[in-house]
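Protein chains: 2
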Amino acid sequence: MLVTKHQNTIEGAVKANHERTFFSHYPEHPKAYGDEAHAKGVQSYQQLLNKPFKQLLQTGETGWVGEEVSPYTQEVLGVTYPVFPVNDLVTQAVAAGKSWGKTPVKERAAVLTETLERVKDYFFDIANATMHTTGQSFMMSFQASGPHANDRALEAIATGYHELQRYPSQLLWEKPMGKFSIKLEKNFKAIPKGVGLVIGCSTFPVWNTLPGIYADLITGNPVIVKPHPKAILPIAIVVSAIQHVLQENGYDPHICQLAADSSEKLITKKLSEHPDVRLIDYTGGSTFGNYVESLPGKTVFTEKAGVNSVILDSVKDIDAVIQNLAFSVSLYSGQMCTAPQNFFIPESGLTTPDGNIPFNDVVTKFKDAIVALVNNPKMGAGTLGAVQNENTLTRAKDALQLGGKVILPGTAVINEEFSHARVWAPTVLEVSSADNNIYEQELFGPIVLIIKTKDTQHSIQLAKQMAQKHGAITCAAYTIHPEIKEMITDEMNSVFTPVSFNLTGFIWVNQHAAFSDFHVTGGNPAGNASFTNQEFIVKRFVWVGNRELAE
Amino acid sequence: MLVTKHQNTIEGAVKANHERTFFSHYPEHPKAYGDEAHAKGVQSYQQLLNKPFKQLLQTGETGWVGEEVSPYTQEVLGVTYPVFPVNDLVTQAVAAGKSWGKTPVKERAAVLTETLERVKDYFFDIANATMHTTGQSFMMSFQASGPHANDRALEAIATGYHELQRYPSQLLWEKPMGKFSIKLEKNFKAIPKGVGLVIGCSTFPVWNTLPGIYADLITGNPVIVKPHPKAILPIAIVVSAIQHVLQENGYDPHICQLAADSSEKLITKKLSEHPDVRLIDYTGGSTFGNYVESLPGKTVFTEKAGVNSVILDSVKDIDAVIQNLAFSVSLYSGQMCTAPQNFFIPESGLTTPDGNIPFNDVVTKFKDAIVALVNNPKMGAGTLGAVQNENTLTRAKDALQLGGKVILPGTAVINEEFSHARVWAPTVLEVSSADNNIYEQELFGPIVLIIKTKDTQHSIQLAKQMAQKHGAITCAAYTIHPEIKEMITDEMNSVFTPVSFNLTGFIWVNQHAAFSDFHVTGGNPAGNASFTNQEFIVKRFVWVGNRELAE
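Protein sequences appear in the order of chains A and B. Be aware that the first sequence starts at 981, since it is given in the working numbering, and climbs by one per residue. Be aware that the second sequence starts at 981, since it is given in the working numbering, and climbs by one per residue.
Hints in this document: simulated from the structure, not taken from any laboratory. Do not take every clue at face value.
As the list claims (entries may be wrong) - Label pairs and their computed distance ranges (CB to CB): (1) Gln1026/A to His1142/B: 49 to 59 Å; (2) Gln1381/A to Gln1145/B: 44 to 54 Å; (3) Asp1341/B to Asn1270/A: 57 to 67 Å; (4) Ala1075/A to Lys1245/B: 35 to 45 Å; (5) Lys1086/B to Gly1230/A: 29 to 39 Å; (6) Lys1163/B to Lys1358/A: 19 to 29 Å.
Claimed, not checked - Short, incomplete list of chain A residues facing chain B, as computed with Cβ under 10 Å: (7) Ala1090; (8) Tyr1141; (9) Glu1143; (10) Phe1168; (11) Lys1250; (12) His1254; (13) Thr1469; (14) Gly1502; (15) Asn1526.
Glycine residues also receive a C-beta, built at the ideal position from the N, C-alpha and C atoms.
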């Protein structure tokens, strides 16, 4: 989500990234908020540290928990959050939901949109909190947890607003019967399903949580937000802002509650299995995701793990392609669910209008581009961000033992601003198409696999198989041949995987824009839901039609 | 679905029903098809009997089956249907689905609408086939399996047409970046989920099957139709008509296949569990419905059993109310999924503007109205139709042993046209609110329970509890008090049950009109789907968005 000036070289990008001036009128850029906003945001964030978070409008806590550690400083944040018994949370939600469910959708849309305006006032607090819980760079933290998350929230509100008004709320039905007619007054109500639960993850605690929250709220369901215990602060600030706006407008703040817990005493299963919890949104690993999906009587929306592929067939400008891909795999150290992992390249190399590029040359160019990017003092640390947790770092280190040829061993990278930051350059391995035991798994984090295939058809076959068996959220493909493009589209789309073709310059496969790109299709094992199509909304309520003989 | 002239007495209704003349210009009435249509339809139907059904465009059968018996004549129909191995059916469906899935929705809508025109040519054949498999009266058979089923099919086509065009198929996305902009060409495709299976029931073999068939087809999925072995002919005629229109328009007729089987060798589970079958529509009992819903990796739409309630609180005109209810419980001998079963009446009786009607008087009036209806030689047999199978008849007979006070013992009723017809008048029992072991179950067929409650609040509480625990498709309520009306609406809607208030005259709670009433809400145990809301359509395909850097 880092967007830089149009240059086809990393040096140019560095310059643009450094300047950043021309973004100042785009709300997705921090500069748009004035020159002092950043410094004030850091101050404001620091004032939250080492104390209880008391901004929520929830009472009756039975204790306080908090275990967040900054991937940049390796220090504890020291913020604690109130803990509530599961039954209290659900009881409060049910009570608050009664009138919320009857509030007309237009009124709900109005107050929910106002909550987004309020959240905007905290963009810099949220950005710093995101940075120091997830390890995202400041820029990504700002954009992903700020304007881009709000965009997705607004998208859910807008889609709900549309779908809930799909049928008339009242009408007179008349059936001609010859000399007379039968007349019925009919009304149609979108009845909310019940209490919603949104389970967050540690890498995108706001961006992945807001769509579920706002989809539940616009459809009249009260919502309980259960963040990852290592990334509570960013979403706590958002929930607090929502609660205050609700209360100011005369609504019960318990329509949206925070349910913090600790790693030692997780409440996620207890919440998920509560009979009054009817809707569950989940982002995270597949094991827990499959458990949530299997719960009887729940409507569940998941984003789980996937294995994203890049299919390289032919290119116009190899350097532009390689720059783009090197950035894609480095951005936030491969911790985006949209990051590519498996690169399928034919053993004969890539064709171009100017002749063939041998397989080994492509691999070398890719390696060199990553090395140049991560070692660039102005660019490397800022692009990589920090590795969110120690397990991911261990996985990256252990990747050297996976087998295959080590093209690039992952190494520590210095962040000049934060000397203790957990920064790690991508590990790149070359494997053969027979090494499916290596590449048939999500290797979350800074790990990239280059898979040598017989030809592009073989690449497509393997990428399709991966998506079908293990799920995929993205697929990048490079080809200059229309018939190959059609084949890739058909095959990958048939396993419900979207394809981004020939991206170069300042747009990457990792990026999905609200109001324009669906995020996850919901059709393969990477998840069963999509931000934000009709299904993401309409499964949260039930149409009920009543009728009465008209007098 | 029998519609008669506006009279508040059964005698008036008989007259209207007998005359039927003023309906002649409404396509839901047989008279609209000319004076000879009926006789020709009987002839045409009789020509189908006692021979193999060879109108399907499917080949490679491994045998022929057929076991239908007319509930009117108790004779076997003698029609046999080709049997195909499950794998062949699915392989054919997958192959046919490839091009069908890529056919633009506008073309699909056009040819599907043409299939409905063709089906219309067979309305009388289908009506006779329905009558002699389900036991419905001729009029109900004609309407339910003919124009009303086609209406529901058209509704599915129209809803699909709308939902599939919800997002643009192509667009140019441009993101301003200051001195330049990023441009992406994007396309959005509604990718069909895979092979659809529609499992039919023995009482409404066409009406309950067409929505699933057409919802699958409009969204690009090939469909396999698995009818109940005792009610194949009506839907076989429809599938054959669909196949011929598909072929005439250059499409593969295997887009819609019939999968007949026999009671001894059912193929429903094998079909349901086939990995390529992704969509299942099911109508029938809850045990099998729950099994289908539990299958992993399938998108399932069910209509199962439910217990429908009538809440009687207060009335303006007790006789009009009782006439309406007597007809509702008698129509097709309670074999409609929308038929009321449990009548909740306060022990203090009903209030009216003219004073109180004691409980026992209400019960007596209800009994008398049923007796008058079923014993009316012009009306009784035609309203009751015939009981589809022996199990239902046994259940009605055994109901006398359920406990409670027998208000009306079910008795055989003579059908003058068909002396062997299995016709049975409703059994009516009075039970106390403590007899929940009796009324907490679906007693499918001509069985009615009157439950004496403390007061209307108690009635509402019990009706709500029934809907929540056992499901409900309809609820009829009678009250002249606005605050009670609101309470009933709120409570029943909260368990996703629609309420029909104060129906009298020629409209009954059993009736749901296409394009106006949802059939089943999908929110309680009576089923997880609804004819035809957005969800019934959008769960059958997946939105996939592709993009490419614009040159």
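Ascending list of hint numbers which this structure does not respect: The structure conflicts with hints 4, 5, 7, 8, 11 and 12, although it agrees with all the remaining ones.
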